[in-house]
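S.K.: From first to last, the protein sequence lines are chains F and R.
Residues in the first sequence are numbered from 6 upward in steps of one, following the numbering used here.
Residues in the second sequence are numbered from 97 upward in steps of one, following the numbering used here.
Incorrect hints may appear among the rest.
Straight-line Cα separation of at most 27 Å, DSS-like style, residue types lysine-lysine; simulated pairs [as the list claims (entries may be wrong)]:
| # | chain 1 | residue 1 | chain 2 | residue 2 |
| --- | --- | --- | --- | --- |
| 1 | R | Lys269 | R | Lys157 |
| 2 | R | Lys236 | R | Lys157 |
| 3 | F | Lys240 | R | Lys198 |
| 4 | F | Lys240 | R | Lys219 |
By construction, these hints were calculated from the structure, which means they are not laboratory data.
Since the model is a prediction, treat every value here as computed from it, not as a measurement.
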Amino acid sequence: MPFSGAKRWLFIGIAIAVLASLSSGGMNRYYLGITIDVGIAIILAVSLNLINGHTGQFSLGHAGFMAVGGYFAAWLSLQMGENAKMLFPLSLLAGGILAAVVGLVVGIPSLRLRGDYLAIVTLGFGEIIRVIAQNTEAIGAASGLKGIPKFTNLGWTFGLAAVTIYAITSLVNSTYGRGFLAVHDDEIAAESSGINTVRYKVTAFVTGAFFAGIAGGLYAHHKQFLSPTGFDWLKSVEIVVMVILGGMGRTVGVIAAAILLTVLPELLRDFAEYRMIVYALLIIFLMLVRPGGLFTLNLKRRSSAA
Amino acid sequence: MDLQQTIQQLINGLGLGSIYALIALGYTMVYGVLRFINFAHSDVLMLGAFAALFLAPLVEKAFGPQSVFGAIMIIVFAAGICACIGMLIEFLAYRPLRKRPKLTVLITAIGVSLFIEFTCQNKAVFGAATRSFPKLLPEKQFHFGNLVIGSTDILVPLVTLLLLGVMWVIVQKTRVGTAMRAVSFNQQAASLMGVPVNRIISFTFGLGSALAAIAGILYSMKAPGIEPLMGVQPGLRAFIAAVVGGIGNLPGAVIGGLLIGLLETFAGGIPGLSSYRDAIAFGILILILLFKPAGLLGRATIEKV
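If we strip away everything but chain F, and leave its shape as in the complex, we get:
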């Protein structure tokens, strides 16, 4: 069994999440909230890492996928009324699937684009999704979607984070998944050795979008309020920074970065106005000095750092 070790970790992760959820009743609401934020950030960062890190396609539209999943899941919950709590996992799944479909739509035109063109097109898709959310009355238009029931708890968040990590690492580590790394390392060489780069890129987009959609659903049922401005491109940049900081393609580093970048702003509340300046300096500094990520400790260098 190739993944028995990983599977064990998956079950341990889910079990701990459920136990933590059962015992979280006495926990301070503020800390509970931040812990859930951390879990959602992990899902987002790990899923973006599949696209940006493992496959080397620079996407700047992750917040858009998150918005699709979040809005759809929240809208479903609001439609279902009393049964909503029972069907919460289904709404999350539906949000994820819709986000995956949107990911497919983004993935197909991206087949013929590389590098900076792709970055701009994904940024554009994110903006288009935001503008559509802003103009659709059924989901609250510019004033946002209010009164979403609070279903997200520690169990769902970290259980799904464990599933995300498991799914993406085992996808990348499988025989099939070697193709992602091939596309990352050299697209032209991969293509000439018979790898269907197009299919890998689309797979990465669809999978990444699916988990981002799930994270969006969790986010919606955690904050109980969605506004289109919450999913602008700065949100995408935040997730990108987590991936860069953690080291592109390094799952453990990315998880550490997601935790750090979610907790740190809370600790530095008094300096909130400097947060984005620090983010920007961090990006520049990392690219100049440590393009492999802050947490990359092994000294084996990859030839192409991006």
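Fit chain R to the given chain F structure using the hints.
M.R.: Okay, now just chain R, sitting in the frame of chain F:
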């Protein structure tokens, strides 16, 4: 929509489009030489507008309010300041990365852009509030029947046309321009032929940033509220214009800019579409890239392995 309205929209669209074209020229020149998107270009535009804001009272003291010579002075100085800023950005952030993968440089450019935006939003610098841009020139309105044409609507396309001409002469007819084209064609070969590559790239950044500053001032003359994020939207549209026209191609940038400006203005006049304005430019971009990935005037390039 009757004829009169159509002509009015056409004039407004050309005014907006020529500003986009001017910004797109800067993107295209930097892309042509270095093959990467300078995300910070739109922030240099904002800095240009703020430079003009701070220069205006000084110039007014010396030459009196709203004089033509004063306005030219302000534009020239703001362009000069922004040219220096552009060269500084290139020297500090992009030059050390020249041998690295393109994505590294792209991510750095995003970092530089965010750094400028959020530093300027800080209370200690400009603050996030919108400020009113001073009137640099007396404004007149010409009436033709029901048609209203403001003096800025005439000024902006004229300045764009003039600068496009200047750029064309610089790139095609001067020694520096020849060197720029050589660097754009093959950096290594150019340096072997004795072209000072670093100086040429620096010059290109300076020129592009000066164009951005002028565009910023013209943009602020049309919409006189300026704030640190003012560059983001026109910058994105101008970038799209550059890609639509075929990035690296000077006339393409102008055509793309005018196209985006016109479509946006006309869409703004249609009731159902007006709220989707922000998405229109991106929609055009995606369509163009799907059917003509190299842009309208661009030529497809084959990547060498």
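S.K.: Determine for every hint whether it applies to the structure shown.
M.R.: Here is how each hint holds up against the structure:
no.	hint	verdict
1	R/Lys269 with R/Lys157	39 Å, violated
2	R/Lys236 with R/Lys157	23 Å, holds
3	F/Lys240 with R/Lys198	23 Å, holds
4	F/Lys240 with R/Lys219	23 Å, holds
Violated hints amount to a single one, hint 1; each of the other numbered hints is respected by the structure.
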